[in-house]
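Novice: Letter by letter, the chains look like this.
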Amino acid sequence: MNKLFAPDQATNPVAVDHSGNTICDSFPLSLAQKRIWSLEQIGNNTVFPLQVLSLHWTRAVTLDQAQHALAKLAQRHSAMRTRFRRFAGGRIEQFSNTGDVPSTETHGSDSNPLSAIEAEEQRTAFISRSFDLLNGVSSRCQLIMSKGGLISTVVLHPIVCDEAALAVLQRDLIALVNGETPGAADDESLLRGSREEKWLQTDHFATALGHWRDLIGEEYNATTLPTRFNTSGYAGTRRRHVPFQLDATLWDQIKLYAKQYELNEDLVLSAAFAILLARYSGTYDLQHGILLANRETDESRQSICRAEQILPLKLGLISRARVLDVCHAMTGAIAGSSQHLVPFERLVQEIQTHEEREQDAIVKSLFEYREPRPLSALVSDTLSTLAPRSDVELALVVTPNAVGGLDGLFDYAEGLYEPALIERAAIHFGRILSQTVSGGQGVRIKDIQLIGDDELDILSAPYEDDGVNDDRAVHEHIAAHAAQTPDKTAIIYADEVWSHARLDQSANRLAHRLVKLGVGADISVAIAVKRSPEAIVGILATLKAGGAYIPVEPDHPTARNHHILRDGGVRVILTHTWLLDRIPEGLDATILQLDRLDLSEEPNSAPDVRIHKDQLAYIMYTSGSTGLPKGVAVEHGPLTHHMQNTSRVYGMSAASRELPFLPFSSDGGHERWMNPLMEGGSIVLPDQPLWTPEETLTAMRKHGANNASIPTTYLQQLAEWADLTDSAPPMRLYSFGGEGLAQQTFDLLSKALKSEWLINGYGPTETIMTPMVWKVRAGQKFEGTYAPIGRAVGNRRIYVLDADLNPCPIGVTGELYIAGEGMARGYIGKPDTTADRFTPDPFSKEGGRLYRSGDLTRWREDGTVEFVGRVDHQVKLRGYRIELGEIEAALLQQDGIGEALVVLRDDEATKHKMLVAYVVPKQGNELDVANVHSALERTLPTYMVPSAIVPLKSMPINPNSKLDRFALPAPTRTKRTIVEPENAVEEEVLELWQQILNLSAISVEDNFFAIGGNSLRAIRILSALRQRKPQNRTTIADLFNNPTIRSFAKIIEAGDGQAGSEVIVLRASGTKPMLYCFPGLLVSTREYVKLVDYLGADQPATGFICYSLSEQKQIGASVDEIIGSYIDYIRGHSKGQPCYFLGWSWGGLLAYEAARRLGDEIDLRLITMVDVCDLGTEFAIGSTPRFKPDERDQLHEMVQEWLSRTAMRAEWDRLLGVMDADTYDQFLRFVGDEKDDLPTDGPDISSREHTFWILIDNALIFRRHQLQPHDVPIHSWAADDSLNRGLNLIDWRRYSPRANPAEIISGTNHLHVIGSQAFHSRLAHRLAEAL
Amino acid sequence: MAAAESLPETWSVVRNREDRYSVWPDDKALPIGWTKEPIGGTRDECLQKIKTIWVDPRPRGLRQAMA
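Chains as they are written, first to last, in numbering that gives the first Met the number 0: chain A, 0 to 1330; chain B, 0 to 66.
Because the hints were derived from the structure by calculation, they are not lab data.
Yeah, the Cβ is synthetic: ideal placement off N, Cα and C, and Gly gets one too.
There are no misleading hints in this set.
Here are the simulated DSSO-like pairs of lysine-lysine, each with C-alpha atoms no more than 30 Å apart in a straight line:
{"no.": "1", "chain 1": "B", "residue 1": "LYS50", "chain 2": "A", "residue 2": "LYS612"}
{"no.": "2", "chain 1": "A", "residue 1": "LYS701", "chain 2": "A", "residue 2": "LYS487"}
{"no.": "3", "chain 1": "B", "residue 1": "LYS27", "chain 2": "A", "residue 2": "LYS844"}
{"no.": "4", "chain 1": "A", "residue 1": "LYS829", "chain 2": "B", "residue 2": "LYS50"}
{"no.": "5", "chain 1": "A", "residue 1": "LYS844", "chain 2": "B", "residue 2": "LYS35"}
Distance ranges between label pairs, derived from CB positions:
{"no.": "6", "chain 1": "B", "residue 1": "ILE38", "chain 2": "A", "residue 2": "GLY439", "range": "29 to 39 Å"}
{"no.": "7", "chain 1": "B", "residue 1": "ASP55", "chain 2": "A", "residue 2": "ARG565", "range": "12 to 22 Å"}
{"no.": "8", "chain 1": "A", "residue 1": "THR206", "chain 2": "B", "residue 2": "PRO37", "range": "54 to 64 Å"}
{"no.": "9", "chain 1": "B", "residue 1": "GLU8", "chain 2": "A", "residue 2": "LEU190", "range": "50 to 60 Å"}
{"no.": "10", "chain 1": "A", "residue 1": "GLY828", "chain 2": "B", "residue 2": "PRO37", "range": "20 to 30 Å"}
Based on the provided sequences and hints, a complete structural model is requested.
Specialist: Right, dumping it as structure tokens:
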């Protein structure tokens, strides 16, 4: 049972101080205190931990001495005696009584000391006890006489104390124990709240706020370390710690460095943290925070209070800036901003004002330096631990320790960060510092090496492969098998079967001819034949002649092929007669028509041509993102080594029979036929550029293929077909590549393709075929948007580097670089482009080169590489950095979408940049674009939701089987079919809709909410309808339940019988217990749509419309009357059955009362309370408002004058008429506290005045309502913003023994929490638990 | 930051033992096995120079074997 729910309190669970101001003066809380109070109210004591001062004294200190000193300490600092009182309605104030003393418990004595273990047990128990702030002072003391000496512990509630205050306390306690009298204490702690309140009214505050608005702006990007995949950025409440130490030598050097360059020591540490953030996030425009002690005045430096503030910092760094420059920039930024320091709680409210979306935190990472505490010869040990505040995602606290070094602690949200990443970050923080101080003033950010050579060696290493390569060229390997196993099958192609001998001899004969035509080293031959055995013969013949082959796909665009033939400087073109018209004229090349060529005179044996490892084997043309295709030239040495390594990694053998589906215009297509033939195996060559999935699977089965290589762009449909028909033959290995492989596609093919092994291949043409692979057993799972691309193959190394070519730590996104032997010579005829992309390899000892891939990747924990996206697919839109792949991944999560592609393009009409998504539905699926769009709105931040979604039959593919982004159609506005009204009622309703939605083209089948309808508009439609048809009794619920003109008109026609309900069926079906949603003020139930969607098809839900929106609005109804109809409905539908309640805002009170009234009639599993505040702080019975002299009369006159003007006079008169004199005074106080003028824009339902009226009406209803204890399971949540505002959230543990402390939902506020995905996921979790 | 930002970045044309050319920033240690050509400037200027001096794309080994 909960401690707070003590039986003696049960009759009066909320202690209210009715004594008014008579005992002594009390003072308002500061904003920071209000927040801590709110956290305390909802049972959270982890965000701000208790403040603990534990000292182990030497034997010289006696129990008496310490007792005496503690008593004096409490006299000296009012914070130790601070009490809190709650006024009627919930207002909290603080005060202290001079004579009060905190409790001091004592354990052990000189004659009977505690053992060290016992002492520590007592101490730990003492510091973990919670406070009851309404029934005692905010500190307590403990003295333990242990065998090792005296241990004193003072615990203070964080509402009255912070870290700097503890240092003051320690200093004073030491002095007092020492018999000294510390200087006069200027105790100002109780006054801070009212000072702050006053300051917030000044121009100084307005100026300060202006500074922050300018500095941070509306669209910002708070910097932090990389978060885990798929966290969606939502921090849970659980925290984790990574403690670490920096040794005394380093700390001494840091102090020396600071002294030398006239810096504060902590600034060097803070700069190192900024550098860590920059290097880890990849952005040098930083926005993070530091914790300031905020004790600038002498008084504040003496007083025990909560003064610390988070100071947001914005730093624009560059990687070639010196660390010293960073220190200076930081000094400037701190000096510039700290004069505009604003309470962080207020700053967040002012900056995070976006109405529509959840907003990111302003500060996600925080640095805190703690000054060393004052020491004394009397103190043998300080027992304090680093316990940072945990209101940001990630905090680093550093403080000098007793052994002359530094203690550090990373404190972070467990759900967001990978523990291993934080552990490495701690190591790297130390490396930044040690390299800074050892390198002197010249050290730049980019000079700092985070990754050690040995680590890099492991991370960059290729697949383990002990095999030894020989230097024979690829065709020589293939020829060797023709000699050994001449009759064995080499190629199956339609009805043809080619043996190894036939293949080899055909190639030999052609090779002799080519030699005669002058083909030799670095001379190229075009293979302008479609994929066929003849093409392979042509390729092998070219290689045997010593030449370099260039594949040219006859089906590809003529312009492209002409460019290749000219650019590649071909000496010979191998083709067929029927393709002659595709060969450009005027080429200085011999054309051989293979179908007319008589080679019978040429010898069957190989020509005697020696191959040098550096001569070219092939030239492969790749489409760049712009311009004409470039020819990538590859030499024999790296090629044959690559092929031999690949053979071993793929496990190829003479038994291999592969179906190579990749086209010959991509180098991967050649790898996949060469590999089996080099091992003496065989291939099943498709006779068409594309086979249907059925044809593909049939061919595999018919010919007994055991390997298949498939372009990623084709995988989805193949796997879908295999899954649907269960027709996949068992295979040893599938390999694929060419595009990022989405997780869902991988999981599907892993299941459907019945393969033992899967290989995801990756590689730019420039690094030869498939330089990287990820080889796994089928069924393997991975985290991430795309399948990992694994490790290097063969004589290569893989690096993930930042823009300065520094290796990125694991988990940090950087560009992929490939180094080693396995790369191309370069681009034909483009020395400058070659020099640009192939740069010196800083990690090579022998003049090696490094190829820049243009792909964003990161190292995974196991050292394999994960594909993140293309460098050029990371776009910036309205200040946001967007990874297009992330949007694509979100699309692929939707049912029915097989492929997705997102591009940033110009809106043709407006010329503004916009995101456009292209989607290909899965086979047999019809896509509802509107559904997809709203699904994205639920899963992505608004700025990432594409402006248009274009369904395509298939993605446009360029000649290399890659997506062709340039062939994507511009989005067009879709035309809807307008269904005209069929009868007079429909016509009438249509007219109303047109008028109120301000739309002309409305179909009678359009969904009201899909075309701009909302609850306010619904009410307007109803009131307009009421004017036209006074006898009509339809309600807003009818419109919500029947949201098309056609269905709504039917309800109108049916008359009273069907209509008149406050109940909205949000989801009718589902096997889980019904979820009843109780409304807050003006809640129409539309607010729950996202929530219900999230909970899924199996979770039925029913919503009640707020009584203020229903038609039965009456003055002065009681809570009992309001919930009467809800209870009837629930009883009628869920009697004896399990169900859940959800209460949002004031609805929480309704849900609670309904639960109490229904009692055992239903099986209520859980009430979920969402940001439920105690009502009527201002209108509470017994709360007497305070006025300045004459203020009451002035307010009264103001109200009377306003009433003479407003159109809602009659409604106001009715409302004011039911108020007694005290309540009217409360109303005046409320009006006086409002910042805006009294509204006169009523009575329209959407007007401010109407809302104001409803608010006052509600206050009158709930002020009379008293919550009674009731034993019911409750779980509650609080919006971050409500805590920042110090709202009077209800701690349900005071009413029910089965209530939990509330969880905090960050980045959202009272109004938007209900739509917050972070909330949805936690709610789903709790509902499942309660099932 | 202003001082650091205004520093121009200079690059050099570099060459390895196989006579492959590339570019390298002057403020970063030159990788082993590469030597600086006496040609410098912005990155782009260096690449433009390479266009004119790297006429034979063949590595030195092949060039010698074919000679």
